[in-house]
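Visitor: So the protein lines, in turn, are chains P and H.
Quick note on numbering that gives the first Met the number 0: the first sequence kicks off at 0 and runs consecutively.
Quick note on numbering that gives the first Met the number 0: the second sequence kicks off at 0 and runs consecutively.
Treat the hints with care, as some may be off.
In silico DSS-like pairs for lysine-lysine, Cα to Cα no more than 25 Å straight-line [said to hold, decoys possible]:
#1 P:Lys24 <-> H:Lys417
#2 P:Lys208 <-> H:Lys188
#3 H:Lys580 <-> P:Lys15
#4 H:Lys590 <-> P:Lys10
#5 H:Lys580 <-> P:Lys12
#6 H:Lys397 <-> H:Lys382
#7 P:Lys147 <-> H:Lys401
#8 H:Lys259 <-> P:Lys91
#9 P:Lys89 <-> H:Lys314
#10 H:Lys417 <-> H:Lys398
#11 H:Lys380 <-> P:Lys147
#12 P:Lys170 <-> P:Lys208
#13 H:Lys555 <-> P:Lys10
#14 H:Lys656 <-> H:Lys672
#15 H:Lys382 <-> P:Lys147
#16 H:Lys190 <-> P:Lys208
#17 H:Lys580 <-> P:Lys24
#18 H:Lys37 <-> H:Lys24
#19 H:Lys656 <-> H:Lys259
#20 H:Lys539 <-> H:Lys590
#21 H:Lys499 <-> P:Lys12
#22 H:Lys23 <-> H:Lys258
#23 H:Lys569 <-> H:Lys539
#24 H:Lys407 <-> P:Lys78
#25 P:Lys24 <-> H:Lys539
#26 H:Lys317 <-> H:Lys188
#27 H:Lys24 <-> H:Lys258
#28 H:Lys651 <-> H:Lys258
#29 H:Lys6 <-> H:Lys650
#30 H:Lys573 <-> H:Lys542
#31 P:Lys147 <-> H:Lys407
#32 H:Lys590 <-> H:Lys569
#33 P:Lys12 <-> H:Lys190
#34 H:Lys6 <-> H:Lys651
#35 P:Lys78 <-> H:Lys259
#36 H:Lys258 <-> H:Lys508
#37 P:Lys89 <-> H:Lys417
#38 H:Lys398 <-> P:Lys147
#39 H:Lys206 <-> P:Lys78
#40 H:Lys539 <-> H:Lys650
Think of the hints as simulated: they come from the structure by calculation, not from any bench.
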Amino acid sequence: MDLLLKIWRQKNKTEKGGVQNYRIKNIEPDMSFLEMLDVLNQQLINEGDDPIAFDHDCREGICGSCSLVINGAPHGPDKGTTTCQLHMRKFKSGDTIYIEPFRSSSFPVIKDLVVDRSAFDRIQQAGGYVSINTSGNTVDANATPIPKPDADEAFKSAACIGCGACVAACKNSSAMLFVGAKVSQYAHLPQGKVERNERVINMVDQMDKEGFGSCTNTGACEAHCPKDISLDNIVRLNQEYLKSKIL
Amino acid sequence: MKPNDKKFPIPSKVPDGDIQNKWKKHKGTIKLVSPANKRNIDIIVVGTGLAGASASATLAELGYNVKAFCFQDSPRRAHSIAAQGGINAAKNYQGDGDSNYRLFYDTIKGGDYRSREANVYRLAEVSANIIDQCVAQGVPFARDYGGLLDNRSFGGVLVSRTFYAKGQTGQQLLLGAYSALNRQINRGKVKMYSRHEMMELVVVENKARGIITRNLVNGEIERHGAHAVVIASGGYGNVFYLSTNAMGSNVTANWKIYKKGAFFANPCFTQIHPTCIPVSGEHQSKLTLMSESLRNDGRIWVPKHKKDVEKIRKKELKPTEIAEQDRDYYLERRYPAFGNLVPRDVASRAAKERCDAGYGVNQTGQAVYLDFTSAIYRYGKEKAISTGQDTKNNELIKKLGKEVIRAKYGNLFQMYEKIVDENPYETPMQIFPAVHYTMGGVWVDYNLMTAIPGCFAVGEANFSDHGANRLGASALMQGLADGYFVLPYTIGDYLADDIKTGQIDTNTKDFEEAENKVREFISNILSNDSGNSVDYYHKKLGKIMWNKCGMSRNEKDLKRAIEEIKNLRKDFYKNVFVPGKPNNYNEELAKAGRVADFLELGELFAIDALERQESCGGHFREEHQTPEGEALRNDNEYTFVSCWEFQGKDKKPLLHKEELIFDSIELKSRSYK
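Full structure from sequences and hints, please.
Guide: This is the structure in structure tokens:
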């Protein structure tokens, strides 16, 4: 298939960026979206141009490196799918595709489509853990049975890959879904309950410090989350936050 | 090449005594560093996967100052995250006769008797602790309805000892290690450097004292000093270009230390994983694994008759239309005891055998079926009985069965459907072997120290535990064992002599020389204004490796591979075109450095495969096989670790042999029949 690509190019953090047009031919439907960009980059290199920078690594939908806003949607048109797992069979020959970086003032552009998501790391550093030493001198793993429904709920929240699509999808650039997922995971597990109050306060404080916006319940984050992390996590985050303030 | 008969130059430091007591005794007698002194000691860790993140967290917790480096934008993105199936531990929660000894035995046998006995026993010994540790950290493992941990079974074993979190076990374990790392970053005990690539090791007076890195965002070349350097940068499967590794996975850190004196051990021991999604076209950038856990429930087959194969390739026949008696469940036929759960190397070779014989089921002839129909019916029936529903209603049973399969493997089935555009609940998956893991790696002693004093290697980066073939769910176990429970203690034995050294000064000649070398490489590689792209060379190298050093190897092809790689390398330095500048974000430049190292490693890989004139585990030499086509080991001549020492550019590396001594296990030919 033949395509017209309109891609955001930006030299670095400080310089102004803009959209440039690229025509690309003979794309096969079985290729992934990123493989299509690989082909374009080889074309650019062969012409002596600077290839388009984009983040990617595992290319199997789990590392959370890949991003891109494709035709206005973070990770593109396929629900519950990362950009690396999006295939060209979802497009047709003659299509025009707009490709932009994840946009948020908390995710500054590094180059072209690559953004700096280290704010997410800093939120996790503020409290996204159980304060337990790694010496292995803990109790036997089966000493505390955990009801299957709780374990399953914790797992669902823990499936977040930290890609930042929730922030890119939100008109307020809110990171509530991301933070809510981590807070919920631990809130569902007995191991996480000891520090639940400080955890939620520290993580939310850091989230605010990083400049992420507030949640106004539009649900765009859930709609664009490649791992289908549910809005319930935001409900849980609010509950945990309120409780920690009251108690 | 004539084997080097000299005595092995470095002691392996394996303690004396019974295998059960070696680790206990060693831990009780090695030197310690006092808490007050740990505060004055700096440690560099390169890589933040399971081994690197767990090591960084634990070292920091013990009191050392840690600097951790990763090339990804966050430590959480390391490729351990993609491990699917599970992690082994000798917990014996299922009461099926598991024990430390059995896990040890299975791992040694699975590795085809080419790993170091004492290291493997230690791994089995600490395995149970890993599960306790991870549960305490809030890792959401799968549980049964009573709230206790669930297990499943993996290839090459007869017990259920694999703990899992759906098909995302690696993700959950890595996020656990990442959370422990974050806690230490927050305490100020770990300084994290993301988007940094290690470009060189700095050795001062024969001790590892630091590294040179390139900041991948602004291109700055930086010097970092420390009292010890830990390499946790993973495996080198990407030397094949197409593999299940992440795009950025590379051998660079390992290769730099090899060129500074560390030994590279068993480079030809590579794992080709049997269940991956087949290659679809020339533009393919990576291969995707379908977890081995699927072989718990999936049955592997090809048609029995060639006429059916032809019709399938022409799409005149669907696999579901082939009758049971016309299918060849070749693993069940050849290996009745283990059936579909034979080890990976055996399953991969058996798939290749059928495809080479002309029974491959896709257009390229390079695919076999993995079929869940039996499991769907079996589970559906169980569910119907336990819920009191009609057990004669086939449609209902199918529906119930699919629900069970979805709960177990849902994310894998979804991933398959996205890539292949076929529904695996309705039609069997097509799979084919692909490069997945490298058992070979940097040689380390029992303390996990390389041949360079002060330089350590953990996780997939080292060679020690998996021999010639790794069993499923053992990589996660080894990464976390090394990082949480072994290295943080053994490193003290070395650092105890370093407490008076004081901070490492990076304004010295050794640092300057190492930095200059990096700068020189960068300016050389950027000098062409046109030419072939980095990927062009990487793909070419991958084809040589896959065709001549892949699932089966022979003398003629290996010799040709060595020549072809040499020529390709020459061509690379002459004609590679890397666009852009050195002082900003430049992925092509980063890739060029990695591919340059792969182009050297590939040659050593082939040399090693040529030298080892036996078949063992993943290393199959066509000249050495039984009449039935099984691997034929040569214990009399090859019960050793091949350790290669760098001798200088374009010079033949020197082979040292570490003899493998098996005191607690009898060497037998490996049978899964």
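Visitor: With reference to the structure, classify each hint as holding or not holding.
Guide: Results for each hint:
no.: 1; hint: P:Lys24 <-> H:Lys417; result: 23 Å, holds
no.: 2; hint: P:Lys208 <-> H:Lys188; result: 22 Å, holds
no.: 3; hint: H:Lys580 <-> P:Lys15; result: 19 Å, holds
no.: 4; hint: H:Lys590 <-> P:Lys10; result: 19 Å, holds
no.: 5; hint: H:Lys580 <-> P:Lys12; result: 16 Å, holds
no.: 6; hint: H:Lys397 <-> H:Lys382; result: 10 Å, holds
no.: 7; hint: P:Lys147 <-> H:Lys401; result: 20 Å, holds
no.: 8; hint: H:Lys259 <-> P:Lys91; result: 52 Å, violated
no.: 9; hint: P:Lys89 <-> H:Lys314; result: 23 Å, holds
no.: 10; hint: H:Lys417 <-> H:Lys398; result: 22 Å, holds
no.: 11; hint: H:Lys380 <-> P:Lys147; result: 23 Å, holds
no.: 12; hint: P:Lys170 <-> P:Lys208; result: 18 Å, holds
no.: 13; hint: H:Lys555 <-> P:Lys10; result: 49 Å, violated
no.: 14; hint: H:Lys656 <-> H:Lys672; result: 32 Å, violated
no.: 15; hint: H:Lys382 <-> P:Lys147; result: 18 Å, holds
no.: 16; hint: H:Lys190 <-> P:Lys208; result: 20 Å, holds
no.: 17; hint: H:Lys580 <-> P:Lys24; result: 28 Å, violated
no.: 18; hint: H:Lys37 <-> H:Lys24; result: 23 Å, holds
no.: 19; hint: H:Lys656 <-> H:Lys259; result: 19 Å, holds
no.: 20; hint: H:Lys539 <-> H:Lys590; result: 15 Å, holds
no.: 21; hint: H:Lys499 <-> P:Lys12; result: 44 Å, violated
no.: 22; hint: H:Lys23 <-> H:Lys258; result: 34 Å, violated
no.: 23; hint: H:Lys569 <-> H:Lys539; result: 13 Å, holds
no.: 24; hint: H:Lys407 <-> P:Lys78; result: 21 Å, holds
no.: 25; hint: P:Lys24 <-> H:Lys539; result: 23 Å, holds
no.: 26; hint: H:Lys317 <-> H:Lys188; result: 59 Å, violated
no.: 27; hint: H:Lys24 <-> H:Lys258; result: 34 Å, violated
no.: 28; hint: H:Lys651 <-> H:Lys258; result: 13 Å, holds
no.: 29; hint: H:Lys6 <-> H:Lys650; result: 22 Å, holds
no.: 30; hint: H:Lys573 <-> H:Lys542; result: 20 Å, holds
no.: 31; hint: P:Lys147 <-> H:Lys407; result: 14 Å, holds
no.: 32; hint: H:Lys590 <-> H:Lys569; result: 17 Å, holds
no.: 33; hint: P:Lys12 <-> H:Lys190; result: 24 Å, holds
no.: 34; hint: H:Lys6 <-> H:Lys651; result: 19 Å, holds
no.: 35; hint: P:Lys78 <-> H:Lys259; result: 49 Å, violated
no.: 36; hint: H:Lys258 <-> H:Lys508; result: 19 Å, holds
no.: 37; hint: P:Lys89 <-> H:Lys417; result: 10 Å, holds
no.: 38; hint: H:Lys398 <-> P:Lys147; result: 23 Å, holds
no.: 39; hint: H:Lys206 <-> P:Lys78; result: 53 Å, violated
no.: 40; hint: H:Lys539 <-> H:Lys650; result: 23 Å, holds
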